[in-house]
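S.K.: So the chains spell out like this:
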Amino acid sequence: MTHLFFILTVALYGCATAAYLACLVRTSPWLTRWAARILAAGFTAHLLSTIHLANKMKYLPLTNMQESLSFFSLATVAAFIFFERRYKVTTLGSFIAPVALMMLIASSSLHAEVRQLHPILQSNWFWFHALLAFASYACFTIAAGVAIMYLTQNYFLKTKHFGALFQKLPSLETMDEISYRCLTVGFPLLTVAIISGSIWSEQAMGSYWVWDRKQTWSLIIWLIYAALLHGRLTIGWRGKRAAILSILGFIVVLFTFFAMEHSISW
Amino acid sequence: MNIIVVGLSHKTAAVETRERVAFSPNNIEKPLSELIGLEGIVEGVIVSTCNRVEIYATTRDIAGGIARIKRFMADYHHLPFEALEPHLYSYHAEAAIRHVFRVASSLDSMVVGEPQILGQIKTSYGYAAEFKSSGIILNRFLHKAFSVAKRVRTETKIASSAVSVAFAAVELAKKILGDLSDKTVMLIGAGEMCELAAKHFLNSGAKGVMVTNRTFERAEKLAEEFGGEAVRFEELLEHLHHADIVLSSTGAPHHIIGPKDVKEVLKRRRFKPIFFIDIAVPRDIDPKVDQVENAYLFTVDNLQEIIQANLAQRSLEAEKAEQIISQEIGQFHKWLSTLEVTPAIVALRNRFDEIRRAELDKTITGWKDLPPDAEKRLEALTLAMMNKLLHAPTSVLKQAGQGGRVDLYVDALRQLFELEALQRDDEELELEE
Chain A
1 MTHLFFILTV ALYGCATAAY LACLVRTSPW LTRWAARILA AGFTAHLLST IHLANKMKYL
61 PLTNMQESLS FFSLATVAAF IFFERRYKVT TLGSFIAPVA LMMLIASSSL HAEVRQLHPI
121 LQSNWFWFHA LLAFASYACF TIAAGVAIMY LTQNYFLKTK HFGALFQKLP SLETMDEISY
181 RCLTVGFPLL TVAIISGSIW SEQAMGSYWV WDRKQTWSLI IWLIYAALLH GRLTIGWRGK
241 RAAILSILGF IVVLFTFFAM EHSISW
Chain B
1 MNIIVVGLSH KTAAVETRER VAFSPNNIEK PLSELIGLEG IVEGVIVSTC NRVEIYATTR
61 DIAGGIARIK RFMADYHHLP FEALEPHLYS YHAEAAIRHV FRVASSLDSM VVGEPQILGQ
121 IKTSYGYAAE FKSSGIILNR FLHKAFSVAK RVRTETKIAS SAVSVAFAAV ELAKKILGDL
181 SDKTVMLIGA GEMCELAAKH FLNSGAKGVM VTNRTFERAE KLAEEFGGEA VRFEELLEHL
241 HHADIVLSST GAPHHIIGPK DVKEVLKRRR FKPIFFIDIA VPRDIDPKVD QVENAYLFTV
301 DNLQEIIQAN LAQRSLEAEK AEQIISQEIG QFHKWLSTLE VTPAIVALRN RFDEIRRAEL
361 DKTITGWKDL PPDAEKRLEA LTLAMMNKLL HAPTSVLKQA GQGGRVDLYV DALRQLFELE
421 ALQRDDEELE LEE
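Chains A and B, in that order, are what the protein sequence lines are. Be aware that the first sequence starts at 1, since it is given in the working numbering, and climbs by one per residue. Be aware that the second sequence starts at 1, since it is given in the working numbering, and climbs by one per residue.
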C-alpha cells in the first residue's frame, strides 16, 4: 500500500515537473492551473504514503536517509504550495518541482529495511527536533529557489534582456519578500530544532552539546541565516547580496544533510 | 524644387550616437541659420528629439544638398564624418514626403502610435518659422504632415491601441518594484514624455509624485497639477531617497546623477531598489548607475524591447495608416510638382495669348466692312486654336512635373519661346494655392 502511494507520488511529481517546465516556455492559464493541481494531487499521495508508513512502523519516517529524503521532499512541496497560493508565483514551481522529484527518486533508490527502532530514538525530543529541522530546511529550499530566480531576473534587468523568461518571472520585490518570509519562518524553526536537538542529545548522550559534526554544521547553518536576517533587519541587506547568501546557506544545508552524520549511529 | 530629408533615428543609431548629434532647442537659431546658409539649400527645418535627429530641407540639387547636409551634421557637432555617415539615411522626392508623413503620424516611432512625436515636430517647425528658415514649401509641407497625422489618429485605432514608452516604463517598474501602490515617483525636468510617464504611474496606483525643475516655479506648477510636492533642484539629492521611481528628462548637458550619489541614496533608503528612467538626450543619469546594486537604470532604447511584444497587434492599424498616407502623398506631390510647372505654363500661355491678341488686333483694325459678329467669331477661333496647340505641351509638362524632370522642360521652354525668367515669388504661389 505504501509502495503504491509512493509510485503514484513519483508519477504525479513527474507530471507536475513536466507541466511546470512547460509553463516556462508556454503562457497558458490552463497549463498553470493543471500544473498546480497535479502537484497538489502528488502531495496528497505523498502525504498518505508517509502517514501509511508511519502507521505501519509506529514512528515518524525520519530515521534514515531514505525516509528523510522523502520527508524533505514532502516538506518542500508543502512549503511551495503555501507560497504559490499566497504569492501566485508559478515560476517557482519550475524550480521546486524538479528538486522535489529528484529527492524522491533518490530516496526510492536507497535501501529500505524493516527494523526495530533504536532505543535512543524513542524520545519525543527527537521527533520534535527532526520535524522542525525538516520544516526549516523546506523553508530554506524555497528561499534558495527564489534566490536563484531573483538572480536570474536581476541578470535580465541589468543586461536588458527582456525575453520570455523575463516576462514569466515575478517581480524582484515579490521574490525578495518571499525570500524574507522563508527566513523569518525558517530561522525560528531552525533555532527551536537545534535547541530541542540538544535536549535530546542530553538524554541520549548525557551532554547538551557534544560538538559532533552534525551539531557543529547545524550551528554554522544557524550562523549563516542569523547573519542574513541580522543584515536585513539592521543594514537592509536585500536583493543580490541576500540571494547569494541564501543560496550559500542552502548549499551548507544540503552538505550537512547528506554528508554529516550524527556521532551516534543507530 | 525638391524636398530632401537627412537624419538618423532609433532605427539606425543607438542613444550614444543620437545624443551626440542632438540639437539643443535653447540654441536652435545658430544651426538653422547655418543650415540655410549651405550652398543650394533654400529652406530648412531641424527636428531633434531623443529618438531622432532629422533635417528637412528644400533644394534644386538633390545629391549635392543631401551630401552637404550630411557633412553639416557631422561638422556642426565636431564628429568625424566617416563615423556618423553609416547612421544617416536620406530621402528625396516622394520617399521624403512619405517619410515625414510617417514620422508625424507616429508610424516610424519606437512605440508606433505614441502621441508625443507630433508635438515635437510642431515645436521644431515653430522654431524654423520663428527664425524664418522655413519657407513656402516646407510650411505647406509640414502643415500637410500635421493634418495627415491628425487624419491617421482619428481614422485608425493606432494611437488608442498603442502602448507608449510611458506605458512600457510602468510595466518595467512593476517587474522590479512589484506593487506600485506604496511607491513614489520623482520627476526631474519637464519633458512631455516624462509628464506622460508620471501620469501613467499615478494611474497605475503610485502613491505620490515629487517634481523638481531648474525653475522652481515650473516645478511648483507641475507638482500642483499632479497633486505632488515640488522640490528645489539644488536639493534633489537630499530628497532622492524618498523616490522609488525616478524619471529624468532635463536639458542638462552633463550627468546630474552619478553612481556615487545613488550609492549614498540607496544606503539612506536601506537598499530598497530604485528604478531610474532616463529619457533625456544627452543623458541625465550616468550609465554607471546601472552597475550599482539595487539600482536599475533604463534608457528609452531599453524600453523598446518590451514594446516589441505588442507590435503584432498594431500592424493591422498601421497598414490602414499607411494607406491614408499613400493617398495624401499623391495629393501633396501633385501640389509640389505644379509648383514648378504652373508658372511655366502660365508664362507660355501668356506669351501665346499676347501674340494672338496682337495679330487679332492687326486683322480687325484693317478690316473695312466687318460683319457684326465677325469679331466674336475670330476671337473664338483664335482662342480655340491656341488652346488646341497648347493642350499637348501643357499635359506633357504636368506629367513631367510628377516625374521630377521639371527643370529640364522648363528650361527648354524658356529658351524655345523666349519666355522671361520664371519668377517664383510667394505672392504668385499663394494665389495658386
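Hint data in this document are derived by calculation from the structure and do not stem from the laboratory. Mixed in with the good hints, there may be bad ones.
[Claimed, not checked] The calculated lysine to aspartate or glutamate pairs, modelled on DMTMM-like cross-linking and capped at a C-alpha distance of 25 Å, are: (1) B:207 x A:177; (2) B:388 x B:361; (3) A:168 x B:361.
S.K.: Are the hints correct? Go through all of them and say.
M.R.: Hints, verified against the model:
1. B:207 x A:177: Answer holds: residue 207 of chain B to residue 177 of chain A is near 20 Å, not above 25 Å.
2. B:388 x B:361: Since the Cα atoms of residue 388 of chain B and residue 361 of chain B sit roughly 21 Å apart, the hinted pair holds (cutoff 25 Å).
3. A:168 x B:361: The hint is violated at about 90 Å.
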